[in-house]
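2 protein chains.
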Amino acid sequence: MLDKIDLSRKLNKENFSDMKDDLTKRLGELQRGQRDADIPVMVVFEGWEGSGKGALMNELILPLDPRGFSVYNVTDTIVSDKFYPPMYHFWKMQPPGGRMAIYNRSWYREAMDSWRLNEKDGAALIAEKMEEIRSFERQIVNGETLLIKLFLHINRSEQKKRLKRLKKNDLAQEVRDKEGLNAYKDYDDIMPVMETIIRESDRAYAPWTIVEAHDRRFATAKVLSTVARALEERLDRTNPAPVHVGQTETSDLEEKIDTPTVLSNVDLSLDIPKKEYSKKLSSLQERIREMEYALYRERRPMIVAFEGWDAAGKGGCIKRLTQKMDPRGYQVIPVGAPNDLEKKHHYLWRFWEAFPKAGHVAIFDRTWYGRVLVERIEGFCSPIEWKRAYSEINEMEKQWHDFGAVLVKFWLQIDKEEQLNRFQAREEDEDKQWKITEEDWRNREKWDQYEKAVEEMLWRTSTTYAPWTIVEANSKLHARIKVLQTVLYAGLEALRPMALSKKTEPR
Amino acid sequence: MLDKIDLSRKLNKENFSDMKDDLTKRLGELQRGQRDADIPVMVVFEGWEGSGKGALMNELILPLDPRGFSVYNVTDTIVSDKFYPPMYHFWKMQPPGGRMAIYNRSWYREAMDSWRLNEKDGAALIAEKMEEIRSFERQIVNGETLLIKLFLHINRSEQKKRLKRLKKNDLAQEVRDKEGLNAYKDYDDIMPVMETIIRESDRAYAPWTIVEAHDRRFATAKVLSTVARALEERLDRTNPAPVHVGQTETSDLEEKIDTPTVLSNVDLSLDIPKKEYSKKLSSLQERIREMEYALYRERRPMIVAFEGWDAAGKGGCIKRLTQKMDPRGYQVIPVGAPNDLEKKHHYLWRFWEAFPKAGHVAIFDRTWYGRVLVERIEGFCSPIEWKRAYSEINEMEKQWHDFGAVLVKFWLQIDKEEQLNRFQAREEDEDKQWKITEEDWRNREKWDQYEKAVEEMLWRTSTTYAPWTIVEANSKLHARIKVLQTVLYAGLEALRPMALSKKTEPR
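Protein chains in written order, with full-length UniProt numbering: chain A, 1 to 507; chain B, 1 to 507.
It is worth saying that the hints were derived from the structure and are not from the lab. The C-beta atom is built at its ideal place from N, Cα and C for all residues, glycine as well. Wrong hints could be hidden among the right ones.
In silico BS3-like pairs for lysine-lysine, Cα to Cα no more than 25 Å straight-line [said to hold, decoys possible]:
hint, chain 1, residue 1, chain 2, residue 2
1, A, 357, B, 279
2, B, 25, B, 256
3, B, 92, A, 344
4, A, 343, B, 92
5, B, 25, A, 92
6, A, 4, A, 416
If you want the footprint, here are the derived chain B segments under chain A, 3+ residues with CB under 8 Å [stated by the list, open to error]:
hint, stretch
7, 82-94
8, 394-406
Facing chain A, from chain B, some residues (calculated, C-beta under 7 Å) [what the hints assert, rightly or not]:
hint, residue
9, 140
10, 143
11, 346
12, 352
13, 475
Could you put the whole structure together from the sequences, leaning on the hints where they help?
In structure tokens form, the structure reads like this:
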């Protein structure tokens, strides 16, 4: 999940300064609009130790009328007050309609600090807290509060650099405890804690926004624009005729801030020589066949999901994957527009129905992620519906995982130019003309929209139990080998220690 | 919760026959409406062993067009199929738009049968299942399915009678397992299991309807009218202009079916001689003072909530309760219409804020239940809001309880005549005239509406951790003694074993 976030993003001084002037003016106006519309607003700052919560809060506060907001520092003393029930202080800290409350740490503090406990106690605490927190957030959002949750994200080396600098600072020594200042040493252990918490509390009614916090200018711009847009959206909804306060036209620059860029950082030059490919392919196919039998013996079902750009080579990958598999053990499920009966059901129904019997493998050529890709872009479902779909899909995959299923999800990435080449090649080749339609060209025109949707999908649904694998697919050979390797290793990993120790014989 | 349901309800032959004719006709028409509107409908039959699920399902099916519904018997084999994830079969069994699926047992089967396990395993299974079930029901209801959940309720002696009769029947012997036929022996152990499951899955989007199933005619009428009304409500919502299919005018009789009658069965003749009253009162007050100190020492907070009819004597009870208490340890919180600041917050905010510090007592003269009483009746909140409030309130009370708070909730019951007497007495007594207003008279006119709201409140929010106590209050003396006794025992119970073993000395 968090590993899918591109932390290298920056903003140059000049661009930043223009944007900030604009956002500052807009935020002031929006705040007045919020006051007049009597909307209570809560802005939560959470994130890694040293990620700059305090500094970014100050940037947010600067443009605001001080009579309209309160800042709450959620200290350890508040969180560990044993005289009141856990959520008591957060209920008290709620802003009335028309006011904004800004939280430096929040009701997440206890759960996010639970990495300091041993693993078992930590997990139990998180489970309990998530129940309380979801109840709390659901209740306040149902009660018309606008809730904005920001998570400031930095990686381990950045955190180490910052905390080491802080260690030399006397004031920081006083304010922060020693464990906090050494948190980078436990970064890798804290990561799954953060991911679980974010996943379990990322709901359509209370979504998280991840702020890439390496570059101070970029982070500031993202915080300000996230808050401004949330206010705009809410004011538009509240007022029958949308009130456009100030210059609400989103600038191109701001649009960019909002678009994560994992995909554009994928190294598409990866390739593999033809000869090496043939050798590896053959060996991988043999081993996958053995793995298929091992899964069967252990009654473990496997689900392989393919998504990717049109012409990215899904079909070719699936062909190589299944080439030597025993056809009694797997099924390929091509997913297109839903048929009449499917349309009359819940959008997830057809995927539940295709769930493989224990011990079998189901390979999906396109998947349930259509909900947050084509259905989102084409407006086949409402924003409320596709926003809800992230957690619905996570819940479904969690239930499959808990049952013992192995989940492998691929996004096949090519660039726009490569797609054009392939489209043209298809049109020129009589045998492949059927593969290219008007629709493919239309989808291509929406490349940028799809890119944004894919990025959001990748980070909101990449979970520990069902992670996405991004496949660099400009080279078909490289893509196929990576797919087969990933499937094989996921299977072996799941079967461990049984499969690796036993000699697997074909039936 | 279930103990608040009046199981003595009956319907005579003649009334039943009229009603059934009407409902049969309406259900047929509604089913056609549902088909045309493409709505998927799911009707769940759950309940005690021997409560008559099969027979009542047949009554529901009879009026329906057989081409429009499917019946699913959720057997033990389906539930224990280890080749698929737990919810797989229920996703598959979902009806498409326009069709109705009727379930004899359902996704609740495994959880409700968990009384057969040991207590710890049972509790763990229920916790896990509830998470899955809420996810499932939320997803399908968000997906536009109309979900109707019926729980057929009988008491222990009725169950015993029925199961003993079944034991003599050879066919029943074959169909049911021995444990099932002896379930009445474990009735009291099964009760908390059922209550937990119902409470944890009773949500505004998927509420339970409890069917009083002692009298076959009454139960049939309630099942048919519940389904008919749910369909009507949904069709009205779907069609911009409500389509009134057939005679949708609800008959008086049907209205009665829908109104539970716990309150009318309260024995209001209960009284206590003046002399005995004085003696008991004085002794109770002494002991309550001691209990107050014990709570303080043990840092246990206590919340005493008073609701009841106007002029039922809440004030008098509170006065006697606090008469000898140490004023440093308690606070009385009168709750009226919310003030301006409170109006700008979530409706539960002011009650969270009034939460007593650990070791203190808060006594509420009217409470958060105003949401499902006056606000419901007067339309100060929408049906969606007050329906949601039951689980919001249960969640809040659960958090208080988990923190260690002792919760005591009173409903003071008087009859309409007694209220009239007291109103008139107040008007005649110069010292008490201030106590009676125009509003009291207006509320009195809505007696029947309030009664219905109170009944629903009592069963939906009477939980193991925060049960309601109904106080027979036609006799003020009896009411006061019962209130003081209940508070005292709840406190002592919570303090056990500490308080009872230590000698409590006033400070």
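Hints and how they fare:
With a C-alpha separation of about 72 Å, the suggested pair residue 357 (chain A) and residue 279 (chain B) falls outside the 25 Å cut-off, and the hint is violated. Simply put, residue 25 (chain B) and residue 256 (chain B) have alpha-carbon atoms about 20 Å apart, close enough for the 25 Å limit, and the pair holds. A threshold of 25 Å between alpha carbons decides the hint, and for residue 92 (chain B) with residue 344 (chain A) the separation of about 13 Å falls inside it, so the pair holds. In summary, the hint linking residue 343 (chain A) to residue 92 (chain B) is supported, as the alpha carbons are separated by about 14 Å, within the 25 Å threshold.
Only pairs whose Cα atoms come within 25 Å are accepted, and residue 25 (chain B) paired with residue 92 (chain A) is rejected, the gap being roughly 54 Å. Distance hint between residue 4 (chain A) and residue 416 (chain A) is fulfilled; the C-alpha atoms sit about 21 Å from each other, no more than 25 Å. Remark: the stretch 82-94 of chain B is confirmed as covered by chain A, as 10 of its residues place a Cβ nearer than 8 Å to a Cβ of that chain, reaching the required three. A count of 6 residues in the stretch 394-406 of chain B with a Cβ less than 8 Å from any Cβ of chain A is obtained; the coverage claim is therefore met, three being the minimum.
Interface restraint check: residue 140 (chain B) against chain A, minimum CB-CB distance 6 Å, threshold 7 Å, status holds. Proximity of residue 143 (chain B) to chain A holds as hinted, the smallest CB-CB distance being about 4 Å (cut-off 7 Å). Evaluation of the residue 346 (chain B) hint against chain A yields a held restraint, the C-beta minimum of about 4 Å falling below 7 Å. Evaluation of the residue 352 (chain B) hint against chain A yields a held restraint, the C-beta minimum of about 4 Å falling below 7 Å.
Here the hint on residue 475 (chain B) is broken, as its CB sits about 37 Å from the closest CB of chain A, past 7 Å.
In summary, the structure is inconsistent with hints 1, 5, 13 from the numbered list given earlier, while agreeing with the others.
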